[in-house]
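A.B. asks: Chains A and B supply the protein sequences, listed in that same order.
Those letters in the first sequence? Residues 1 to 383, by our numbering.
Those letters in the second sequence? Residues 1 to 383, by our numbering.
It is possible that some hints are incorrect.
Restricting the straight-line Cα-Cα distance to at most 25 Å, the calculated cross-link-like pairs of lysine-lysine (DSS-like) are [as the list claims (entries may be wrong)]:
{"#": "1", "chain 1": "A", "residue 1": "K243", "chain 2": "A", "residue 2": "K343"}
{"#": "2", "chain 1": "B", "residue 1": "K212", "chain 2": "A", "residue 2": "K346"}
{"#": "3", "chain 1": "A", "residue 1": "K343", "chain 2": "B", "residue 2": "K266"}
Computed far set for chain B versus chain A, every beta-carbon distance over 10 Å [stated by the list, open to error]:
{"#": "4", "residue": "L40"}
{"#": "5", "residue": "L45"}
{"#": "6", "residue": "L181"}
{"#": "7", "residue": "L184"}
{"#": "8", "residue": "I200"}
{"#": "9", "residue": "L207"}
{"#": "10", "residue": "V230"}
{"#": "11", "residue": "T261"}
{"#": "12", "residue": "V262"}
{"#": "13", "residue": "S323"}
{"#": "14", "residue": "V324"}
{"#": "15", "residue": "A343"}
{"#": "16", "residue": "M380"}
No lab work stands behind these hints, which were simulated from the structure alone.
No experiment lies behind these values; they were computed from the predicted model shown.
Note that the Cβ used here is the ideal one computed from N, Cα and C, for glycine as well.
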Amino acid sequence: MRNIIVGGGRAGRELAVQLHETVIIEIKPEKAEELSELAGVEVIIGDGTDEELLMQVGLKDAKTFISLTNDDDVNYRAAAIAKKHGVQKIIVRVEYQENRERFQELGIQYLMFPTRIVANLISDLMRSDATANHIQFTKILVLILDNNAVEKAFKEALLVASVAKAEVTAVSSPDIDSQEMKFMAMVRSVPLKILLEEEKLTDIVKKHGRYPEGVIMNLETKGQPYHPDCIVIDHEELGILDKVFKRSVVLGLIKSASCPVLVARTFRYYETILAILDSSDTSESVGRYAVQMAHMCSSDLHLLFLEEVPSELIKSIRKLGEEGNVQIIEKRVEGNPRIEAIKEVKSGNYELVVIPGQGKGVMGSDILRRIINDAPCSVLTAV
Amino acid sequence: MTMTIIISSYILLLLIAVFAFIIPILSGRIGVPAVVGEILCGILLGLLGFSIEAEGRIVIDFLASFGLIFLMFLVGLEIDFSMVEVHGARLFIIGTFVFIATLGISIFLTHLQGYGFYLALVLSTTAVGLIVPTIRELGMLKSEFGQTILISAFIADFTTTLLLTGYTIQIKKGITEGMFLIALVFILFFTVYYLGKLVIWHYPERLSAWFKSDQPSEMGVRAAFALLLVFVAISEIADVEAILGAFLAGVMFSLLFRGGTVLEQKLFGIGYGFLIPLFFITVGMQFDLGALAGGGIYLVPMLLVTAFVVKLVPSLLFIVRYSVKDSISAGVLLSSRLSLIIAMAAVGLELGLIDATMESAIILLAIITCISCPTIFRKMQNY
Numbered sequence: 001m002r003n004i005i006v007g008g009g010r011a012g013r014e015l016a017v018q019l020h021e022t023v024i025i026e027i028k029p030e031k032a033e034e035l036s037e038l039a040g041v042e043v044i045i046g047d048g049t050d051e052e053l054l055m056q057v058g059l060k061d062a063k064t065f066i067s068l069t070n071d072d073d074v075n076y077r078a079a080a081i082a083k084k085h086g087v088q089k090i091i092v093r094v095e096y097q098e099n100r101e102r103f104q105e106l107g108i109q110y111l112m113f114p115t116r117i118v119a120n121l122i123s124d125l126m127r128s129d130a131t132a133n134h135i136q137f138t139k140i141l142v143l144i145l146d147n148n149a150v151e152k153a154f155k156e157a158l159l160v161a162s163v164a165k166a167e168v169t170a171v172s173s174p175d176i177d178s179q180e181m182k183f184m185a186m187v188r189s190v191p192l193k194i195l196l197e198e199e200k201l202t203d204i205v206k207k208h209g210r211y212p213e214g215v216i217m218n219l220e221t222k223g224q225p226y227h228p229d230c231i232v233i234d235h236e237e238l239g240i241l242d243k244v245f246k247r248s249v250v251l252g253l254i255k256s257a258s259c260p261v262l263v264a265r266t267f268r269y270y271e272t273i274l275a276i277l278d279s280s281d282t283s284e285s286v287g288r289y290a291v292q293m294a295h296m297c298s299s300d301l302h303l304l305f306l307e308e309v310p311s312e313l314i315k316s317i318r319k320l321g322e323e324g325n326v327q328i329i330e331k332r333v334e335g336n337p338r339i340e341a342i343k344e345v346k347s348g349n350y351e352l353v354v355i356p357g358q359g360k361g362v363m364g365s366d367i368l369r370r371i372i373n374d375a376p377c378s379v380l381t382a383v
Numbered sequence: 001m002t003m004t005i006i007i008s009s010y011i012l013l014l015l016i017a018v019f020a021f022i023i024p025i026l027s028g029r030i031g032v033p034a035v036v037g038e039i040l041c042g043i044l045l046g047l048l049g050f051s052i053e054a055e056g057r058i059v060i061d062f063l064a065s066f067g068l069i070f071l072m073f074l075v076g077l078e079i080d081f082s083m084v085e086v087h088g089a090r091l092f093i094i095g096t097f098v099f100i101a102t103l104g105i106s107i108f109l110t111h112l113q114g115y116g117f118y119l120a121l122v123l124s125t126t127a128v129g130l131i132v133p134t135i136r137e138l139g140m141l142k143s144e145f146g147q148t149i150l151i152s153a154f155i156a157d158f159t160t161t162l163l164l165t166g167y168t169i170q171i172k173k174g175i176t177e178g179m180f181l182i183a184l185v186f187i188l189f190f191t192v193y194y195l196g197k198l199v200i201w202h203y204p205e206r207l208s209a210w211f212k213s214d215q216p217s218e219m220g221v222r223a224a225f226a227l228l229l230v231f232v233a234i235s236e237i238a239d240v241e242a243i244l245g246a247f248l249a250g251v252m253f254s255l256l257f258r259g260g261t262v263l264e265q266k267l268f269g270i271g272y273g274f275l276i277p278l279f280f281i282t283v284g285m286q287f288d289l290g291a292l293a294g295g296g297i298y299l300v301p302m303l304l305v306t307a308f309v310v311k312l313v314p315s316l317l318f319i320v321r322y323s324v325k326d327s328i329s330a331g332v333l334l335s336s337r338l339s340l341i342i343a344m345a346a347v348g349l350e351l352g353l354i355d356a357t358m359e360s361a362i363i364l365l366a367i368i369t370c371i372s373c374p375t376i377f378r379k380m381q382n383y
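With the rest of the complex left out, here is chain A (with noise of 0.2 Å):
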């Protein structure tokens, strides 16, 4: 099982030295030949969309296949080649925002669009020292309850960490598989803590009722308390008694935590973020927090505003938009707000759903639970 790499430009190297076993289709022979001094690459001099070539290298078997020219129309007909033949992780590097549907309609998992990441990062630089009302994500902690949550919850944690630039810190019970995760996020470059706890997670939480503030306060045994910016849980599955008595592990942790929990249930980037905004306090900071994650991930921003709500809100969220390059759709509810609002968070457009953790508003404490619990997205959940 080997990955292909279509177009040996910069990136296409910098990632063949950062893989193994990977082999870089490049149509110039002079930079083939530069590129064939790279330890440990195979270098075929040919067409990226080439079905016959492609065949040859090993597309059927490949881990994974990366189109990475810069231009949108080779790329679109390499990787339709590759999902035509099955090929189960595609990753795709998009020049024009625009072509972002024609590559969604071909059921591309993973699109990448560099101008707009570069761009982002620039503005971050110019805005890092003047902006206060900046949302922190450098301290993610990820709660892993079983070897499950290694596949879900802590892969999300790390996805929005590489993009956050944070470090994560998981805490777990000993029988976790640490070699694993230690390995996922160094391929990430993410830092890693990892801190074992010696009672199941799952156990602490259901014989306190709620997440025990204790267990992440002693966290940092320096003496320094530890603060997350954020949380990162798996979802569960909960059963019928449990819904009814309320017995949810993850709702206990949101009612406790001082910061906002992200419940994982994606598990790759967000293409398009929506939150639902009420006239509750909470929505400034359900704003705040869907703005920056989408500005992070280079997502479309979708908010719902359920209830009149501040001109003033709107408008700082619609400042905070720009100046992190968002682009922001903004949909008015016509009917009942509750109704339009599960509607929407069903409807499978988004990858992530930002909420306010209590029900204040119009929402209602138990219609957020059940998003929380039976959405099809992730959700996350501001304070």
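Given chain A, put chain B in place with the hints provided.
C.D. replies: Frame of chain A; chain B shown alone:
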């Protein structure tokens, strides 16, 4: 004695409709709540000798009683449960303490005067159906103070209705069956609530259309009426007061579909635009001066003092959150009695728990308080 004028139900409906239209304009100028104007207008119509022929009487009586049921439905609908989430359970706790104090003082005072538990219960009621239109008219429904009064009134009327139902069923059918029937209504309530939540989550697209303004067959209004009548019918079958069922249906609607929607506006239009003024005018028309002349009048001062003391003294508990003036004005508004006390008097007479003289005195008490209390409250709040 004035001569009785026999007119058909349509002519009377026309009269009522014309008065219902004029009263809010007049009462606004004089500075009394529209409800008081409607009752006074009803008394005037009665004094002028308007009476309805037998067949027409059934129609008007039915419309008026349905007006009361619809009023209780809208009262339930107006309770904003998000207030409870915003202010914690504090509002409920204050309201409960105020009611417990009311019931305690009421039992003590009626015992001193040589009456039993039933009269104490009767005097513990308030008139949530009068209080809601009053604070609604003053634009105080959305304020915390308005909701505190509303919730206190709701607790008083809800608990007394429940105690009345329990007390009467226990007399008529024994304690076991009584509890069983009340439990049945509540089981129905929670079942419909959970089913409603499931339907909202699973079929938001279908429900969404009901709440939009361009719905040709007004499915939402039909559904609301069906929900209301399910509860009313079940209450009738279980021999529980129909207003309790209507009230629960309103609470259910508020819990499931909270939010200022087009559908709510339509329901308010039907209620406050037609059925509810009809009810209040009919209450005035049915007031029988003859019964008071029969000896009930001497009881009125004693009842009046007791009725005010049992509400004003406990309302001092509101001082923990509001000013002395606000707390006393809340006590004054809570002292108003109307439909519930009249209904309870009728039930008490039927079961032989009070006599006809006491009943007529209770009715006069209701008339005096329902006119004076909202007016005093309005003046105290500087409207």
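A.B. asks: Evaluate each hint against the coordinates.
C.D. replies: Now for the hints, and whether the structure bears them out:
| no. | hint | in the structure |
| --- | --- | --- |
| 1 | A:K243 - A:K343 | holds, 21 Å |
| 2 | B:K212 - A:K346 | holds, 19 Å |
| 3 | A:K343 - B:K266 | holds, 23 Å |
| 4 | L40 | holds, 37 Å |
| 5 | L45 | holds, 40 Å |
| 6 | L181 | holds, 24 Å |
| 7 | L184 | holds, 20 Å |
| 8 | I200 | violated, 6 Å |
| 9 | L207 | violated, 5 Å |
| 10 | V230 | holds, 20 Å |
| 11 | T261 | violated, 5 Å |
| 12 | V262 | violated, 7 Å |
| 13 | S323 | holds, 24 Å |
| 14 | V324 | holds, 29 Å |
| 15 | A343 | holds, 32 Å |
| 16 | M380 | holds, 29 Å |
Violated hints, listed in ascending order, are 8, 9, 11 and 12; each of the other numbered hints is respected by the structure.
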